[in-house]
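Just so you know, the protein sequences line up as chains A and B, in that order. Residues in the first sequence are numbered consecutively from 0, following numbering that gives the first Met the number 0. Residues in the second sequence are numbered consecutively from 0, following numbering that gives the first Met the number 0.
It is worth saying that the hints were derived from the structure and are not from the lab. Cβ coordinates follow ideal geometry from the N, Cα and C atoms, glycine included. Treat the hints with caution; some may be incorrect.
Stretch-level coverage of chain B by chain A, calculated; a stretch enters the list once three of its residues show a Cβ under 8 Å from a Cβ in chain A [as the list claims (entries may be wrong)]:
no., region
1, 52-58
2, 147-155
3, 173-184
Far from chain B, by Cβ distances over 10 Å, these chain A residues were calculated [what the hints assert, rightly or not]:
no., residue
4, Lys64
5, Val119
6, Asn282
If you anchor each label on the Cβ, the simulated ranges turn out as follows [as the list claims (entries may be wrong)]:
no., chain 1, residue 1, chain 2, residue 2, range
7, B, Pro161, A, Leu46, 28 to 36 Å
8, B, Ala123, A, Glu295, 34 to 42 Å
9, B, Glu163, A, Lys61, 34 to 42 Å
10, B, Pro16, A, Arg23, 25 to 33 Å
11, A, Glu232, B, Ser22, 41 to 49 Å
12, B, Ile211, A, Gln81, 19 to 27 Å
13, A, Asn24, B, Trp10, 41 to 49 Å
14, B, Gly99, A, Glu297, 22 to 30 Å
15, A, Pro230, B, Tyr29, 24 to 32 Å
16, A, Ala35, B, Phe13, 38 to 46 Å
17, A, Pro230, B, Ala123, 30 to 38 Å
18, A, Glu297, B, Pro158, 19 to 27 Å
19, B, Tyr30, A, Ala35, 57 to 65 Å
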Amino acid sequence: MDDEYRDNPLMPPYEDEQKKLNRRNFIAGSAAFVTALAATGAALSPLLEAEEIPTVDDFLQKHYKQLSTDEKTTIFQKLEAQIERDYGVQPNISDPQPMDGSEFVYVLNIGRCIGCRKCVYACMKENNTSRDPQIQYIRVLKVKQGAIDLETSSHTYPEKEAADERYYYMPVQCQQCRKPPCIKVCPVKATWKEKDGLVVVDYNWCIGCRYCEAACPYHARRFNFSKTTLPAEDINPDMGYLSNRIRPLGVMEKCTFCLHRTRVGLYPACHDACPTGARKFGNLRDPNSEVRKILERERVFVLKQEIGTLPKFYYVFAK
Amino acid sequence: MQSYSTTTRWWLFFTIPLFILLSVYFVFLYYTSDAVAEKRRPDLLHPDWYVIDTARGEIRQNTSIVGNCHICHAFWVPIPQTTETSNPRFAHANLQLNHGKNDRCYNCHMITDRNMYVADDGSAIMSETPEKMCSRCHGLIYSDWQAGTHGKWTGTYMPATPFERLTYTCTECHDPHNPLFKYSKIAPPPVWPEKYIRTENQGIHLGPLSKILIGEEPEEIF
């Protein structure tokens with residue numbers, strides 16, 4: 000009776016048979032193992048198509064403020080080689096340090112701005128921002144004359160609506176606040192204020208959480224949702240480590256007043272491209288600078304004064 | 000057995016091609032999705048959008064009259080007896096005089112030597128320094144221009160020598176006959192994804208049923 004039961008394959012096995020490794024259990028177990036392995040591989044397969052996989056050195060790289068000069072040289076050479084491999088252009092990555100006794104200030108004369116958006120594209124050319132999806136640091140708002148009503152403003156007006164006398168045009172970019180809300184919220188301190196007042200980002204330290212984008216009241220920060228696409232002819236090879244080097248995937252970027260230009264004495268790119276002279280840039284602590292004279296003589300205002308960010312980007316309605 | 004004959008399975012003629020077409024459609028959808036489709040190479044920026052120029056740069060090359068005025072206005076051409084001449088004629092017909100009250104040629108141009116501008120006392124101003132002539136009326140702006148708060152400067156902001164800084168005079172940005180800016184190199188709007196663009200308030204409620212459901216929306220908010 001008992002043997003008949005054991006020989007019948009349709010009957011359920013005894014408990015002692017279940018624990019034993021017989022042929023039936025081995026085949027079933029190995030099939031389950033292979034299936035689980037295949038499912039794990041299928042779940043991890045998108046890693047094969049990842050655009051950027053960091054190396055061990057990238058993981059172990061220290062914060063920008065803790066880097067020594069030798070480590071910076073090594074990192075810059077590695078970044079240059081990487082950019083040359085990806086984009087086919089030999090860049091020159093520099094790291095100009097803030098000058099003593101300098102505080103950079105922008106003054107924009109709204110009465111002169113005609114909304115031609117040349118500053119926007121000069122900034123894109125200078126700062127190597129992504130073309131597709133397009134990243135622009137400056138938004139030129141078209142605002143109705145009579146009030147500063149940003150609710151009804153538009154920055155997507157077509158070309159034929161520029162230089163309209165019923166509107167005025169207000170370019171908005173990073174205001175380089177003296178009390179920047181964006182650096183308060185950064186959980187890893189990847190963005191900070193330099194000695195000359197410029198708010199910068201260490202792109203290798205940023206984890207891409209986008210808290211700073213949410214904290215910025217001027218919508219001045221941009222996120223690299225995909226790998227930067229840039230034609231080789233449009234790349235500006237003079238790059239700064241903290242400003243306009245080609246950003247990796249998944250980090251924040253922002254206007255730095257063209258730090259690689261202004262710290263060596265040049266004007267920012269948007270300043271030079273403005274055809275009407277509406278933009279004025281200079282050192283606030285230099286008593287002979289243009290911005291100092293404007294701030295002394297004219298009635299200036301800042302955007303969203305009531306939130307207490309103390310911007311260093313002033314607007315003026317002078318003639 | 001009669002129910003499984005080929006004559007009763009006529010619907011397979013429609014369903015099998017339908018499923019093949021559906022599979023082709025799904026494969027097509029996969030390869031045309033944003034994640035998989037090959038990216039088009041982005042266009043280069045047009046040089047007009049970022050070159051360094053002034054608001055009058057291109058217009059001046061075409062419409063301004065350059066050269067020696069003595070070619071026409073020689074000593075045998077009679078000097079007009081009145082200074083009330085306000086209609087540019089002959090070679091100057093393409094000039095549009097739109098400078099407010101200042102609508103007399105010899106307010107600025109010297110009547111005896113057309114290569115020069117005229118000062119308040121009737122003496123000559125060289126054509127290379129038009130700002131001295133403009134400062135006769137626009138004195139405040141002239142002082143602003145001297146201080147650097149008016150007008151376009153390029154170069155360096157802390158120059159060691161004056162030659163490192165490039166400044167522009169009045170007529171390089173303004174047409175003196177029609178001083179309002181007429182700049183035509185306007186750059187296009189951004190092409191960000193639609194969901195990131197904050198549109199104007201006008202047009203949000205412009206649906207086919209909006210007039211019935213929420214009524215007419217006022218054109219102007221303020």
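Results of checking the hints against the structure:
Counting residues of the region 52-58 of chain B whose CB lies closer than 8 Å to any CB of chain A gives 4, so the stated coverage by that chain holds, three being the minimum. Look at the region 147-155 of chain B against chain A: 9 of its residues bring a Cβ nearer than 8 Å to a Cβ of that chain, three or more, so the hint holds. Requiring three or more residues with a Cβ within less than 8 Å of a Cβ of chain A, the coverage given for the region 173-184 of chain B holds, as 3 such residues are present. In this structure lysine 64 of chain A is separated from chain B by more than 10 Å, as the shortest Cβ-Cβ distance comes to about 27 Å.
Against chain B, the non-interface label of valine 119 of chain A is violated: not every CB pair exceeds 10 Å, the least being about 6 Å. With 10 Å as the threshold on Cβ separation, the claim that asparagine 282 of chain A sits away from chain B is violated: the shortest Cβ distance comes to roughly 7 Å. With their beta carbons about 59 Å apart, proline 161 of chain B and leucine 46 of chain A fall outside the hinted range of 28 to 36 Å. The supplied range of 34 to 42 Å is met by alanine 123 of chain B and glutamate 295 of chain A, whose beta-carbon atoms lie about 36 Å from each other.
For the pair glutamate 163 of chain B and lysine 61 of chain A, the beta carbons lie near 38 Å from each other, so the given range of 34 to 42 Å is met. Restraint check, proline 16 of chain B to arginine 23 of chain A: a C-beta distance of roughly 44 Å breaks the suggested window 25 to 33 Å. Judged by the Cβ atoms, the range 41 to 49 Å given for glutamate 232 of chain A and serine 22 of chain B holds: they are separated by roughly 42 Å. Checked against the hint of 19 to 27 Å, the C-beta distance between isoleucine 211 of chain B and glutamine 81 of chain A comes to roughly 59 Å, which is inconsistent with it.
Distance hint for asparagine 24 of chain A and tryptophan 10 of chain B: a CB-CB separation of about 45 Å, consistent with the stated range 41 to 49 Å. At about 24 Å, the CB distance of glycine 99 of chain B to glutamate 297 of chain A agrees with the hint of 22 to 30 Å. Separated by about 28 Å at the C-beta atoms, proline 230 of chain A and tyrosine 29 of chain B satisfy the suggested range of 24 to 32 Å. The hint said 38 to 46 Å for the Cβ distance between alanine 35 of chain A and phenylalanine 13 of chain B, and at roughly 40 Å that hint holds.
A beta carbon spacing of about 53 Å between proline 230 of chain A and alanine 123 of chain B contradicts the range 30 to 38 Å that was offered as a hint. Taken as a hint, the range 19 to 27 Å holds for the pair glutamate 297 of chain A and proline 158 of chain B, whose Cβ atoms sit roughly 23 Å apart. Taking 57 to 65 Å as the suggested C-beta distance range, the pair tyrosine 30 of chain B and alanine 35 of chain A does not conform, at roughly 30 Å.
Checked against the numbered hints above, the structure violates hints 5, 6, 7, 10, 12, 17 and 19; every other hint is satisfied.
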